[in-house]
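Please build the complete structure, drawing on both the sequences and the hints.
Start counting the sequence shown at 165; every next residue gets the next number (this note's numbering).
Just so you know, the hints here were simulated from the structure itself, not pulled from any lab data.
Check each hint, because a few of them may be wrong.
[As the list claims (entries may be wrong)] Restricting the straight-line Cα-Cα distance to at most 27 angstroms, the calculated cross-link-like pairs of lysine-lysine (DSSO-like) are:
no., residue 1, residue 2
1, Lys206, Lys316
2, Lys316, Lys249
3, Lys333, Lys244
4, Lys316, Lys244
5, Lys333, Lys276
[To be verified] Ranges between beta-carbon positions, derived for each pair:
no., residue 1, residue 2, range
6, Ser272, Arg300, 15 to 23 angstroms
7, Ala260, Lys333, 32 to 40 angstroms
8, Arg172, Asp248, 46 to 54 angstroms
9, Asp268, Ser207, 37 to 45 angstroms
10, Asp268, Gly344, 18 to 26 angstroms
11, Arg302, Asp248, 30 to 38 angstroms
12, Ala260, Arg301, 30 to 38 angstroms
Beta carbons are placed, not taken as given, at the ideal position from N, Cα and C, and that holds for glycine.
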Amino acid sequence: RASRSLSRILQRLSGKKLNIRQQGSYECPYLPVQNGTIALPKSHAPRFRRLHEAHRIEFHYHRGRNVAADMELLQDMHRKRWSDKGQTMRGLFATAERGAFLNDVVESMNPKGNIRLSFVTADDEPISGVLGFEFRRRYYYFRPAMNPAFNKYSPGHILIYYILMECQKRGITEFDFLRGQESYKSIWASSARTVSSTVMVRSGQIGKTYQLAYRGLKKIQMRMQASHQKMHV
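So, in C-alpha cells, the structure goes:
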C-alpha cells in the first residue's frame with residue numbers, strides 16, 4: 165500500500181523543480197498477537213523461573229497515575245545501563261533537552277489513552293520498562309530500558325512476554341517492534357514490514373544545503389542507533 169501511495173505522489177510531482185531521493189528502506193519486525201499461545205523462548209524460561217523464585221515479581225502495563233515519575237524511572241534505568249557499559253549515554257534520554265521534549269510528548273498523549281509505560285518490578289524495584297504506544301488495536305514497542313543489576317534474568321525478554329500476554333487479553337492484534345534489526349526482535353517476531361524513506365527538496369542552492377545537512381544528521385543518527393542496539397536485552 166505504501167509503495168503505491170508513493171508512486172502516485174511521485175507521479176503527481178513529476179515536472180516539478182524538486183530533487184527526489186530515496187534514503188533507503190528499513191525492516192520493522194512484528195508479531196500477530198492473537199495467533200496461538202504466548203510463551204517465553206525456551207532459552208529464557210529457566211531465568212524466568214529463577215527470577216520468580218528469588219523475588220516477588222509484579223507487572224504493570226500502564227499505571228497512568230504519574231507519567232512524569234514513570235518516565236524518570238525509565239530514564240534512570242537507561243542511565244544505569246549505559247554506565248554499566250562504561251559508555252556515554254546517547255539517544256532520546258542523552259540530554260536534559262531531549263528528555264524534556266519526550267516527557268512533553270508523553271504528557272500530552274497520555275490523556276488520549278495511547279501511552280503505555282510498562283514495568284516489571286522485583287520486590288518493588290524496576291528491572292525493566294518500556295515507553296510504548298497503543299493505537300487501533302496495535303501495540304508499538306518504542307523505548308525500552310533494563311536494570312543492569314538483573315541482567316542475568318534477561319529482564320527485557322520477560323518484559324516483552326508480560327506485555328504480549330496483556331495485549332492478548334486486551335484483544336490487541338499486533339505487537340510492532342518498530343524499525344531496527346536488534347537481535348532480540350528476531351527471537352519474538354514472526355514477520356516484518358519494509359518501510360521506505362523518501363526526501364523531496366527544492367532544486368537550487370537552498371535544496372542542496374538542506375540535503376547536505378540532512379545527510380549529516382542521518383549519519384549521526386545511524387551511529388547512535390548502532391550504539392543503542394548494543395544496549396538492548
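We went through each hint and held it up to the structure:
1. Using a Cα cut-off of 27 angstroms, the hinted pair Lys206 and Lys316 holds, with the two alpha carbons roughly 15 angstroms apart.
2. Restraint check: the Cα-Cα separation between Lys316 and Lys249 comes to about 15 angstroms, which is no more than 27 angstroms; the hinted pair holds.
3. Straight-line distance between C-alpha atoms of Lys333 and Lys244 comes to about 32 angstroms, which puts the hinted pair past the 27 angstroms bound.
4. For the given pair, Lys316 sits about 15 angstroms from Lys244 by alpha-carbon distance, which is consistent with the 27 angstroms threshold.
5. Our distance criterion of 27 angstroms between C-alpha atoms is met by Lys333 and Lys276, whose separation comes to about 21 angstroms.
6. For the pair Ser272 and Arg300, the supplied restraint of 15 to 23 angstroms holds, since their beta-carbon distance comes to about 19 angstroms.
7. Between Ala260 and Lys333 the Cβ separation comes to about 37 angstroms, which falls inside the hinted range of 32 to 40 angstroms.
8. At about 49 angstroms, the CB distance of Arg172 to Asp248 agrees with the hint of 46 to 54 angstroms.
9. For the hinted restraint 37 to 45 angstroms between Asp268 and Ser207, the CB-CB distance of approximately 39 angstroms keeps it satisfied.
10. In this structure the supplied range 18 to 26 angstroms holds for Asp268 paired with Gly344, their Cβ-Cβ distance being about 24 angstroms.
11. Separated by about 32 angstroms at the C-beta atoms, Arg302 and Asp248 satisfy the suggested range of 30 to 38 angstroms.
12. A hinted range of 30 to 38 angstroms holds for the C-beta pair Ala260 and Arg301, which are about 35 angstroms apart.
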